[in-house]
Amino acid sequence: MMLIPCPFCGPRNEDEFSCWSEAIPRPADPSSLSDAQWVDFVYNHRNPKGPVREQWWHARGCRRWILVERDTRTHDVLSASAAAP
Amino acid sequence: MGVEELPVQRFSFLSLLRNALRYRKGWQRMWRNPEPKRRYDVVIIGGGGHGLGAAYYLAKEHGVRNVAVLERGWLGGGNTARNTMTIRSNYVRPPSVPFHEGSMALYRELSRELNYNLMVGRRGMIAFLQGTAAARTAARMANTMHVYGANYELIDVEEIARRVPAFRPPARPRLPLLGGVCQPDAMMARHDAMAWGFARMADSMGVDIIQNCEVTGIRRDGNRVTGVETGRGRIDAGKVGMAVAGHGSVVAEMAGIRLPIEVQPLQAWVSEPVKPFLDQILVFSGYGCYMMQSDKGELVIGGPTDPYPSYAQRGTFPIVEQVTAAVLEMFPALARMKLLRHWAGVLDIVYDGSPIISRTPLDGFSVDVAGAGGFKTTPMAARMHAWLIANDEPHELIRDFGLDRFERGRLVFEGGVSFNR
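In order, the protein sequence lines correspond to chains V and U. In case it helps, our numbering puts the first sequence at residues 1 to 85. In case it helps, our numbering puts the second sequence at residues 1001 to 1421.
Calculated from the structure, these hints are not laboratory results. For glycine and all other residues, C-beta sits at the position ideal for the given N, C-alpha and C. One thing to keep in mind: the hints can contain errors.
[Said to hold, decoys possible] Per the computed footprint, the stretches of chain V lying under chain U, defined by three or more beta-carbons under 8 Å from a beta-carbon of chain U, are:
{"#": "1", "region": "8 to 20"}
{"#": "2", "region": "27 to 41"}
{"#": "3", "region": "71 to 84"}
Model the full assembly from the supplied sequences, consistent with the hints where possible.
Shown next, in the form of structure tokens:
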């Protein structure tokens, strides 16, 4: 079990959250991308073995979006911050 | 090289008898433990079922015998030993059904072909249809499968109770039970035996199986793969095939390639052994979990993949709780069973839930990614990967499973993949 320090609610059980994808910045001008670049943005992710920054949603809590830094080898939660200031 | 063609010791009733009378001292090792050579025609990364199978089919069907299989740990010690041994073909997309049906046909003959008992048993699988959406999907899937000659039959609740005497429909189920859908040809097999059987035959044809040999880098010359760096030194290779389950992104990264996969743990657990009471594999589709009884008598119970990426090979507790509640709703009599073991494997889940058996942007480097659970597809995926390596182009059966499908928008969506919950 992970205890995720929600910046709005404090430490909460992982079961209250849902994990969405790796936090990848959206391209500034999507229409200028080639098909290959678009596929890289949508599908070809780093999927790292180690620290990763992800978007989590506190679905059964404050319903705010947060950024969680987590280690995929150990389930250690390194940090959590608000997704939008 | 001197010892290329080892005569393989055949297993038969007579050989068992002869060795029993000689105090079992006549058995030889099932495969050699060679030092890696400087160069191979083909290097396969990953000594699980998919990797060993690819080496076996390369040697057997394409005459490519200067092959090494590099395994980080020991043979079949990764996800080959962590799956729950179910072989089925209930898929809904046109490219998927013949691929999985073909894999089942290979499994039926594999024990004989490898002269090694994989303990393949036809069990039958019943998925409980909990809700109208599930029933509609099942009806559609049954129609698709009938087109390809696979048997998938819709049955009602009374029929489930007749086929599974231990099951009594719950009086007040949390989700409405409308019936079931049965694949009578679904099988179970011993997963370790598959790795060992492939290894033994591949070795006898000259394939070098090298354990404790982790690949740490992939060498290239321009846009052409030239070999691998390993914990036991550099090995040159004409071609390199990747068949690692759960570490696809890590190995592909060494080749400078990103794959459309996300790693997710899948948990399973096993009860104390009891007398046989359940011959079918039961799937509670509404709760995303399943249960069967192994040959040893243990109940094998598993759930959906964990809700976030992880390489940790261990699961998260909410899944255990949720699945156990579902099993007890269907089989309240099991409430006092004790659990013996629990584990998780890590799956390379492809975004559409289908396999990737494909060339890559790096020439000579091919990948075999299961896409979801990979045990059921092992012989066919391995055979197709071998074909791809030998012929440099995909067999007709896997033409839709290439990496290029993402750029072309031709994804092969299969169920059981729950991205973006």
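Hints versus structure:
1. With a threshold of 8 Å between beta carbons, the proposed coverage of the region 8 to 20 of chain V by chain U holds, since 5 of its residues qualify and at least three are required.
2. Check on the region 27 to 41 of chain V: 4 of its residues sit with their Cβ under 8 Å from a Cβ of chain U, so the three-residue criterion for coverage holds.
3. For the region 71 to 84 of chain V, the proposed coverage by chain U is satisfied: 4 residues have a C-beta within less than 8 Å of a C-beta in that chain, meeting the threshold of three.
When held up to the earlier numbered hints, the structure conflicts with none and fits them all.
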